[in-house]
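Residue numbers (full-length UniProt numbering), protein chains in the order written: chain A, 1 to 638; chain B, 1 to 638.
Among the clues, some could well be false.
A pair holds if it fits inside one copy or across any two, identical chains being indistinguishable in the list.
[Stated by the list, open to error] Here are the simulated DSSO-like cross-link-like pairs (lysine-lysine), alpha carbons at most 30 Å apart as the crow flies:
hint : residue 1 : residue 2
1    : Lys561    : Lys448
2    : Lys448    : Lys41
3    : Lys575    : Lys359
4    : Lys125    : Lys358
5    : Lys359    : Lys478
6    : Lys448    : Lys358
7    : Lys485    : Lys125
8    : Lys575    : Lys485
9    : Lys476    : Lys573
10   : Lys575    : Lys478
11   : Lys265    : Lys199
12   : Lys485    : Lys215
13   : Lys215    : Lys66
14   : Lys199    : Lys613
15   : Lys125    : Lys602
16   : Lys66     : Lys38
17   : Lys61     : Lys620
18   : Lys38     : Lys24
It should be emphasised that the hints constitute simulated quantities derived from the structure, not laboratory data.
Number of protein chains: 2
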Amino acid sequence: MHPTTQLLQEARDRVTFPVQDLTKLIYGNEEIYETFMKAQKVIASEPSIRNHPDYHNWGRKEQIIKSYEKLRVMHQHLNLANAAHWAPMLSLFQGTTPSAVSFGMTVPALRFLGTDEQFNLWGPKFLTMEIVAAYAQTEIGHGSDVQNLETTATYDSQTNDFVLHTPSVSAVKFWPGELGFLSNYALVYAKLIFNGKNKGVHPFMVQIRDNATHKPLQGVVVGDIGPKLGYSTKDNGFLAFENYRIPLNSLLARYVRIENGQFSKHGNEKISYASMMVSRQLIIFVYPRMAAQSLTVAIRYSITRQQFTNDKREENSVLEYQTQQDKLLPRLATCYGMIFAGLRIMELVDDNFHRVQKKDFSTLQQSHAILSALKAWSSQWVVDTAEWCRLSCGGHGYAHYSGIPAIYFDTAPNVTLEGENQVMYLQVARYLLQEKVPFYFNFVLHIKETLANQSTDFGQLLKLTLTLQLISVAKKIKDTIGTGKNFQQIWNEVVGVQLLSVAQRYAEYFTYLVFQEYISSANPSVKEVLQQMCDLYSLQVILDNPNTLIESGRITVDQFKQFNEIKIDLFNKLKPQALGLVEAFNFTDNALRTCIGCHDGKPYEYIYEWATKENSVNIKGVPQAVNDLMGTKIKARL
Amino acid sequence: MHPTTQLLQEARDRVTFPVQDLTKLIYGNEEIYETFMKAQKVIASEPSIRNHPDYHNWGRKEQIIKSYEKLRVMHQHLNLANAAHWAPMLSLFQGTTPSAVSFGMTVPALRFLGTDEQFNLWGPKFLTMEIVAAYAQTEIGHGSDVQNLETTATYDSQTNDFVLHTPSVSAVKFWPGELGFLSNYALVYAKLIFNGKNKGVHPFMVQIRDNATHKPLQGVVVGDIGPKLGYSTKDNGFLAFENYRIPLNSLLARYVRIENGQFSKHGNEKISYASMMVSRQLIIFVYPRMAAQSLTVAIRYSITRQQFTNDKREENSVLEYQTQQDKLLPRLATCYGMIFAGLRIMELVDDNFHRVQKKDFSTLQQSHAILSALKAWSSQWVVDTAEWCRLSCGGHGYAHYSGIPAIYFDTAPNVTLEGENQVMYLQVARYLLQEKVPFYFNFVLHIKETLANQSTDFGQLLKLTLTLQLISVAKKIKDTIGTGKNFQQIWNEVVGVQLLSVAQRYAEYFTYLVFQEYISSANPSVKEVLQQMCDLYSLQVILDNPNTLIESGRITVDQFKQFNEIKIDLFNKLKPQALGLVEAFNFTDNALRTCIGCHDGKPYEYIYEWATKENSVNIKGVPQAVNDLMGTKIKARL
């Protein structure tokens, strides 16, 4: 057998739990898993959309045009209107998936904010892609701060319609995905001016391109904003209106209405949270799975990569090094926690939607807080994990042929979009300080008990840290009131950094709770390995943020040193299971977009093959151009 | 005045120290500063090489070809053979600068490892670019682990020359910059086989391409390895030899020689460190200046960007938020420390070279340790800083028009190249544990004194942390010896993570020492602001890694809380100086490659202008192609 193939196969043989039992847990249900496997198969088997080793040599133009071919093919094979169908696909492609914004953001917003008539009018046209609609909220000068948006929709009582207008450069809609080229409609957030009065920012469903020619309509200026860190195929767009008339029915009218020349509000506005919930839930559900891809590559590669000679004069697999384990194993453990959190959150969001439809808003704010905390925490963690995985693969990690840089590129925007992380965390902190108590916030009911509990059980320590930080920031706010600063100044200038910390502690604690729930209900065959993973996850969180515990005097120096010993012990237990833990995700080589982390473990052969046979700059005339230049021109002209 | 221009101008007016006095300090000497300003001017004024807003839409082929045009033009205006000339330029271009590897790595290696005759034979041809030579050490299967390289150079006593050969795929030379297209020579590291015996890995100066046609010579397989995270214009290459004969004189022969059929060694091999010193020194010198570029953009933008309404119903500049200050100000302070460290290291390296030439090796290992520590610490910090700056600019930071993503791209490789950071840190740790004592390692002479000193002066706390960590890891090693693990296993499996930590602590402490030296000798006009910066730098280091101090019981909870108060106080002092502190670097708008951080402070106008006028995907046929597809084809084919 090929030597590196053998290394990988031996590692596979050392795994002691049934990998398929974890696979079932990871995908939540059979339908998601089957669809996911089908999507992997379709992408790998259609040459026109298969991931291509040369892809990152191309210019954006070629990449964008190819992305629409993917859209067409995937629509033929899968029902993209079903989130369970297309959400897992987001992790499988080179480049982002066109129509994800339209289906994942605009359709839910239409459902929650439009009347039933409005949903029935436009909704079905999405399914046939007669309508593709961007979600046009952000402006050049205004992001998270929705109430200060500048675009105006002025009601004209003469004609009983609206005039949409962009009054300044900072008011130009900017960043909405799929706006630049793909969309023919947009859900536009604009300040409603009614009889000269500002009635606040509301959503309008607006046609922006011609149905037949797909060209911008008169009064609409629209296009792509330019190249970015990643997301090269995503046509993030700009959109400006020049006194553009739209019919009365454009205003999504479930909660605000203009009828018979009168403006009125209806129902509970809290529902406006609901549409954002869908996209945030998807961020939590999908992207930790891309971190799992980078971990799959890094762990396979770390087993096949050997470096420095041991005392038997053999080279060591780099996964034998403690520093390498430290980069990868705690992240693998966290990844599982986050995947479980994402699955649990799907259930919470579903449950909440059913309640809301019955006008029961009792779990709305709590769901919103959990989603915000997990969206912020997981999105940053995924980006960091891609980076650590990249670094753990040494030089080869930096090359696109590792598959990892693109994961970093295309997950990085999640930190900012759909609620900027810091803004999310501040909302979570605000909620925590209100001492609402239901379900996953029970800990605030038991503060005294938590403080009195001397256990060094990891779960208790996570709860204690969260509790102590919450008490500390509440006290600081209380102490500062009356010293000349108002609440807003205290919030922004005095406790900002502490608030972010307590919100992140909440996300970590919630994930611990869910991790334990999953272990309780798991098949006995995988309970032990999952408990080791949960221990490592919790321990790493404690070790990463020990100050609160140490300051409180609750953890002594000796205990702390002991924790480091436990961690090393967990490394030794989990190292032989690591390959099984990543292979439980069942990614195909094509989906991983890698040549260093393939299933058969032959990194070097594939690296050389891709460089010599698949790299267009070597084969399509560049060498000739460069050779001419270097051979004669540069020297002659120096 | 334009409103955002006014915000920036008012901030400029609030700066209380003379900015030009800092500029002098930052650039070290007049020659470096003048050359830097000239390079900025040349690049901005030559349309063919000016940084281009559309650049990141292009494919690699176009980008590579343009990079050679830059090379040509810059060679006409500046002496690229002089490191003081071209090193600062590395921060000014879109894409990497061709010939930097040849001048920065290969020429120094030739100087230190070749005989005088060999240097006189090849050296002058570099100046005219008759020779451009890659530094071909790394192989597909072997990076940091030089002694296990597989490429062989077999001495043939019949013909008195060598046969270079690549015995396997893992032995293919891989990654050397400028190898793919630019170089016609390469400095090849290969295992010298002499009379059937392995004489170790040595460097050979090898012609690989034809002088006239620039085509690969018979027996040489060479090309570009493919696309990467960044470095798109850098032709990192592969190189394989098929029993390729090279003359006897190819072996760089200052320290090993084959004469009259005899192999012999001469002089002190330690000198082989020396050539790597040049490139590491450049990494420390140049790249913190790219972090300064990202900080310039982020701080200017944070002053002009307004978000959320304050109690006067005006929107706040985001730099008013504590969370934004926390992202940017400690990094700005650290940046200054690192720039000073880079300047001091240039002097140390120069001094060391003069000693070495007189066969005085007394400062060689110490210089090597300092360079390794600072290379590792600064390179990771620069990448992290680019990322934080990007995030501090919200969505706009993610776009290439901010200028920041490309800084991240092109600084990320420094973590891995020229000595992978972890390998560097482990070497530093090894050196620290040997208790060598000269100059910047004095602290090891005063361990008892440091432990007894109860001061909470920040410098003392940095020294104390370093000392405690060093003692702790030494004790752990001592305690583990005799428990069945050999030294290598203890090093790799037991204390690896602690070793990385202690080495980083050394880098931080060294930077503190140099920062204080620079303050002592600075113009009185800037002493106060620099001392505040040094305080913030030191404090942030302490707050980032408090465990050692807290565990030791030397810092109480109350002191720790007080440190946080001091930090907020420093934020309030430094916030009004921040603009002056970044503008002291004097980057032109073109060098910053930004439209959101320009000197005149009009981010939104430029963002819209670049999107609508400079973005080729909007103007070169993409909309038509996409419109056709979306207007009819996709729908028809669904």
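Here's how the hints hold up against the structure:
With identical chains, the CA atoms of Lys561 and Lys448 are at most 30 Å apart both within one copy (28 Å) and between copies (23 Å). In this homomeric assembly, Lys448 and Lys41 never come within 30 Å of each other (Cα to Cα): the closest approach is 54 Å inside a single copy and 66 Å across copies. Taking the closest pair of Cα atoms, Lys575 and Lys359 never come within 30 Å of each other, the shortest separation being 50 Å inside a single copy and 48 Å across copies. Taking the closest pair of Cα atoms, Lys125 and Lys358 come within 30 Å of each other only inside a single copy of the chain (27 Å); across copies the shortest separation is 82 Å, beyond that limit.
For the identical chains of this complex, Lys359 and Lys478 are neighbours neither inside a copy (36 Å) nor across copies (67 Å), given an alpha-carbon limit of 30 Å. Taking CA atoms no more than 30 Å apart as the test, Lys448 paired with Lys358 passes in neither setting, with 36 Å inside one copy and 72 Å between copies. For a Cα distance limit of 30 Å, the shortest separation of Lys485 from Lys125 qualifies neither inside one copy, at 53 Å, nor across copies, at 69 Å. Proximity of Lys575 and Lys485 under a CA criterion of 30 Å is satisfied inter-copy only: 19 Å between copies versus 53 Å inside one chain copy.
In this homomeric assembly, Lys476 and Lys573 come within 30 Å of each other (Cα to Cα) only across copies, at 22 Å, whereas the closest approach inside a single copy is 43 Å. When the C-alpha separation of Lys575 and Lys478 is checked against a cutoff of 30 Å, the pair qualifies only between copies, where the shortest distance is 26 Å, while the shortest distance within a copy is 48 Å. Proximity of Lys265 to Lys199 under the C-alpha cut-off of 30 Å is restricted to the intra-copy arrangement: shortest distance 10 Å within a copy versus 86 Å between copies. For a Cα distance limit of 30 Å, the shortest separation of Lys485 from Lys215 qualifies neither inside one copy, at 53 Å, nor across copies, at 72 Å.
In the homo-oligomer, the alpha carbons of Lys215 and Lys66 lie at most 30 Å apart inside one protomer (20 Å), although the nearest pairing across protomers, at 34 Å, exceeds that limit. Within a single copy, Lys199 and Lys613 get their C-alpha atoms no closer than 61 Å, and across copies no closer than 35 Å, so neither meets the 30 Å cut-off. In this assembly of identical chains, Lys125 and Lys602 lie within 30 Å of each other by CA distance neither inside one copy nor across copies; the values are 48 Å within and 41 Å between. For the homomeric pair Lys66 and Lys38, the shortest alpha-carbon distance inside one copy (21 Å) is at most 30 Å, but the shortest distance between copies (43 Å) is not.
In the homo-oligomer, the alpha carbons of Lys61 and Lys620 lie at most 30 Å apart both inside one protomer (18 Å) and across protomers (9 Å), since each shortest distance falls under that limit. Taking CA atoms no more than 30 Å apart as the test, Lys38 paired with Lys24 passes inside one copy only; the shortest distance there is 16 Å, against 63 Å between copies.
In this structure, the hints that do not hold are numbers 2, 3, 5, 6, 7, 12, 14 and 15, in rising order.
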